[in-house]
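Peer 1: In the order they appear, the protein sequences are chains A and B.
The numbering of the first sequence is this note's numbering, which starts it at 281 and goes up by one.
The numbering of the second sequence is this note's numbering, which starts it at 50 and goes up by one.
The set of hints was computed from the structure by calculation and includes no laboratory data.
Any given hint might turn out to be false.
Coverage of chain A stretches by chain B, computed from C-beta distances (three or more under 8 Å per stretch; other residues unrestricted) [stated by the list, open to error]:
| no. | region |
| --- | --- |
| 1 | 281-288 |
| 2 | 375-383 |
| 3 | 399-413 |
| 4 | 457-467 |
Some residues of chain A that are not near chain B, with every Cβ distance over 10 Å (derived) [as the list claims (entries may be wrong)]:
| no. | residue |
| --- | --- |
| 5 | Arg297 |
| 6 | Ile310 |
| 7 | Arg345 |
| 8 | Ile354 |
| 9 | Lys356 |
| 10 | Val359 |
| 11 | Trp389 |
| 12 | Gly421 |
| 13 | Met436 |
| 14 | His453 |
| 15 | Glu478 |
| 16 | Gln479 |
Source: prediction; values computed, not measured.
Positions of the beta carbon are idealized from the N, C-alpha and C atoms, including for glycine.
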Amino acid sequence: MHANTGFRAEAFSQAKRFVRLYQDAETVIIPSSSCVAMIRDQYPGLFDELGNEQLQGEFRALLPRVYELSEFLIDKLGVEDVGAYFPHRVTYHASCHGLRALNLGTRPWRLLGKVRGMELVPLPNLERCCGFGGTFSVKNGDVSSAMLAVKLEDVMSTGAEFCTALDNSCLMHLGGAMHRQFAGMKTIHMAQILASTEQTPAEVLG
Amino acid sequence: MSHAPQPILDPNFAPPFPQAALPMLRDSQLRKNVAHATDVIQARRARLVAEKSDWQALRSAASRIRDEALENLGAYLEQFEKQCMARGGVVHWAADAAEARTIIRNILEEENASEVIKIKTMTSAEIQLNPHLEAAGVKVFETDLAEIILQLGELEPSHIVVPALHVNRSQVREIFARTMGLSNLSDDPQALTAAARNYLRRKFLEIRTAISGANFLIAETGAVAIVESEGNGRMCLTLPRTLITLAGIEKILPGYSDLEVMLQVLARSATGERMNPYTSLWTGVTPGDGPKRFHVVLLDNGRTAIHAREKERQTLRCIRCGACMNACPVYRQTGGHAYGSVYPGPIGAILTPQLTGMKHAQSLPFASSLCGVCCEVCPVKINIPEILIDLRAQVTDQERGKAARFFDPMYLGMRVANLLFSRAWLFHAAQWKARIVLKLFTRKDGWIHSLPSIGAKWTQTRDLRGLPQQTFHEWWKQRKQATQ
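Chain B extracted, bound-state conformation (with noise of 0.2 Å):
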């Protein structure tokens, strides 16, 4: 397997996205593996839709359990913090990434903690918990076996339910066998599973430390929930003395019997599953039984910015499912790593570059063709693309106040296009010299092969059939004189 150089899902740092992209379209293993790991899933997830003969019922009833919690965000959170407290829970709240880190080196400081096993949670990416921990003489143990094969590989996440979607059972043999020295493993599902489960036995018993993230945060009880697939979480919950939850404020449902729409739609969006194999709920701590001191971390880094704004808001109703990018045209050719962030596919698109405050990422917004299959598939209705269009006039204005803009040929011809549009004279008179110009590059056969600067984007693959002799206006002129 060839290491090459690891992708940036920093959006501080990252590439943007057409360049971020070249790499993975001329990988033909990576785009082999996305293309087939999301068939699968999809084909699973259409299958067990279809089942359901109340599916849209149930998204309208999952999006407005979405919107209530989130009209009354900070009401339900306190409600939140009352009640996990009163249970024995204990609730810190970070504004941003550095401060949830420090909470959370804080607190395993007092428990004297040198490891820790943790159950796969992408905002504990979202805030780069593992390399800040790693640098503080923390040793972090990933128990999901998609996060043992990123981990052992030194390999970046690409997709949000499935991390390692870009990695096939070859790689993983392959990093199996270097990294936990099994020269003779073989590429057998039932082979690997066994090895990571040898791996992780040891830990599960001995490290008595676990983060885990949040599917959902119970306001009126102040339970946490989450489901997995694999009993790793299962074990982080109940062996571990000390249980850390790091949770996005978003994630809060008002009552307990919220769940029930939401595990539904969840299970069947991100798996293809009628229900998903764990579902993991507990409140504070019960004395004998699971971790005896428990905290959660509500992180903000950026989502009440988002909650302010009316149209965007629904952002925050994403319950992570991941069926947005399994559906996506793009990410299928892409995978994860392009859209530089751990946050990738339609969904990231509109999540970073809001995360960042609209500062970077500002190319995700443009990497979507507006399809709008993600919002078909979403099961809490976010509008992508009305999102995605939202936060393209939002980087189309930062950028008018720039002077480079009149060297940017697309800005220029969009501005030139509208004053075209605007005057019929204006448009005739254009439609007239472009028939000289484009005569230049337009060939015998009627077909322009070569274009110059941005068209050169479009005929690098496909050719363009040149301008017709006679335009739409005049033919119908004519055909009026004719049949009068």
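Next up, chain A with everything else stripped away, as it sits in the complex (with noise of 0.2 Å):
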């Protein structure tokens, strides 16, 4: 957030911590698409500017081990299936960051491919943004909104219950425009969606 909007000061202090912080962890996975994109695209150039030799071979020790979690079940565990069940109508928005930084390609779908009960129904124009973009959502509010107001078109025609996506940042922008509209679809994070089984379906607030 900090370092998208300018403040690179304080990026520098958030990109120092994140390394201690996790450096002893065994696998780091972020289920949040810009998160990671942050970590890979932007703290390698942050470290290098720092020029602080220890903290650069640390957090290039760490990098390797950080997953986005598609990335995490698929590349890392050998996972599609992981046994949920979401007896729902639903459509996947491929966040930019995901998208374009991440490049997940099919990962999310297989993923989703593999949820019983579930019908996955194809999101029109998937490579447009939501308008989110962190602060540019107030900075540029009015923008932001015709954005959403664009997207949030694509994504009712689907005709689906949920929208989910792996970026919590679209889900709480696209969500939020659906709760003030009373449009009749909420949002989900696909973690959720495959921490969903039968008998502990997922708790899918208000």
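Grab the two chains, each in its own frame, and use the hints to assemble them into the complex.
Peer 2: This is the structure we're talking about:
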């Protein structure tokens, strides 16, 4: 958030803190594409600029152990079918960072395709941004809202009950508008769908 | 057609992007026109890119060629000057817009030219050449169809390749009917182009001086290249007695063979064509063929300052194809005028503030959701999001010194958030406090419908889920204890 809004000095301290907190972790799994993109695309530049060689070394050692959720399940664990059950009509929103920064490719679909009882509906104009963009959503709140209106039209056209994604920020954006408009659709993070079973269905908030 | 006040496309005076965008967002016809036009061009581009199996290799080659040109910019420019002069051209150097305008005005005076015809050139719009020439008593006639529409309709350009993209054909019909005195004109595209052709024919035959831009300058031979779709350019380049070419210094290519790559990526990216209909190349003057006098004005106007910055230098790779704006979800909603510059869209958001030495247009680097699609479609691989973020840091650092920052809720919020992220106990304490404070705004259904200050920019169109009763940390601890 700070790095992308131009608060570079603050971003340095957060990048350092990330390394301190997680350097002993076996694996770091992040259910948010934009956070992973920040760590992969921007942290290297931040650490280069800081010039602290020890810190750079620690970061480089940690980086290969950082996974986005779907990468972790498919690339590291080799699992596609997690045994989930979610009897609903669902559309998947490929967030900009998942699509372009992380190149998640077919991973989300391979996971969703194995969820029992679920009907997966393709979303038109999949590659188009929902208009969140972090502080963009308030700094340019009007433009962001216009982008959201266009995105919502596509999402609603699927006739799904749920819109899912691997990035909570897009879901907060889309879900906030759905709730405001009594749109009759909800957002749900993909982790919740994958964790949902017949015995313990996903707890979906109002 | 309504005659709304024209937007200000001068970064020195234009209002900030969010403010300039608002009337555009409310203009339903503009939004329809822009969405339709960009969708059509994008679909064409996508189809033609897909048929090239080596597209990514072409992009890499194009990007390398542009980098090579920029690495040795000074040497290549001097080579171009030498070659062009050796073949009868005259090369002028302009440090800024004012100097370029003076050079051009002086040439026109020497030529006794009271009228000029022009090929579409964004560089001339950048230096506001037309109004200055008109003020000096020179009548300027644009010959590109879109530029004619804008000139006759007294409208501003909103795109670098298709500058009248925001105007639809019934609006074009109205402008032509009114200014050409053709009350029976239909809005059939053929009738409209026929009207424009009629209007242009006399100008091509009678006006002896032309002004052009340049797509590429070839250092090796001193040649200039222009690509276009309508043939008006070819007329301007061959019929007049005197030709003046205004070109940004970054337009240089090392050699002739580099065109092979650049022309392939440019046409596909710009208009979704395998090859543009007219490609003109000329070198100096040729006795008995084309203009007798040929001037090139090489324009800096802030470019060497961009060149001096290692990270931002890639901005100058741009070949002005417009693919980034066609793909941009922000541009799609606002059109080009909101950017307050003749260079709109993602490339404008990084180019305009840099051209003004970061003294103006500081809102532009923030006019992006950083979705990354601009970088994906750029034929010369400019990492626009990376530069946007870098320019945001420059703007934020400029503001740090100002006292007014303490009244900026965004600035305070970012600083406080950073403090909270730095200590776990502070973060937990803040979460606890936030739960109490946000409770005041949270309705019984667990959602926030209205927030004060900058939060209001969120809740104007979106609800926000209130904080959950339990934080992730608390849940995790509880789960751990339960399983032990």
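Peer 1: Against this structure, judge whether each hint is valid.
Peer 2: Quick rundown of the hints versus the structure:
no.: 1; hint: 281-288; in the structure: holds (count 8)
no.: 2; hint: 375-383; in the structure: holds (count 4)
no.: 3; hint: 399-413; in the structure: holds (count 6)
no.: 4; hint: 457-467; in the structure: holds (count 3)
no.: 5; hint: Arg297; in the structure: 7 Å, violated
no.: 6; hint: Ile310; in the structure: 13 Å, holds
no.: 7; hint: Arg345; in the structure: 20 Å, holds
no.: 8; hint: Ile354; in the structure: 22 Å, holds
no.: 9; hint: Lys356; in the structure: 21 Å, holds
no.: 10; hint: Val359; in the structure: 22 Å, holds
no.: 11; hint: Trp389; in the structure: 20 Å, holds
no.: 12; hint: Gly421; in the structure: 3 Å, violated
no.: 13; hint: Met436; in the structure: 15 Å, holds
no.: 14; hint: His453; in the structure: 7 Å, violated
no.: 15; hint: Glu478; in the structure: 21 Å, holds
no.: 16; hint: Gln479; in the structure: 17 Å, holds
Figure legend: structure checked against the earlier numbered hints; hints not met, in rising order: 5, 12 and 14.
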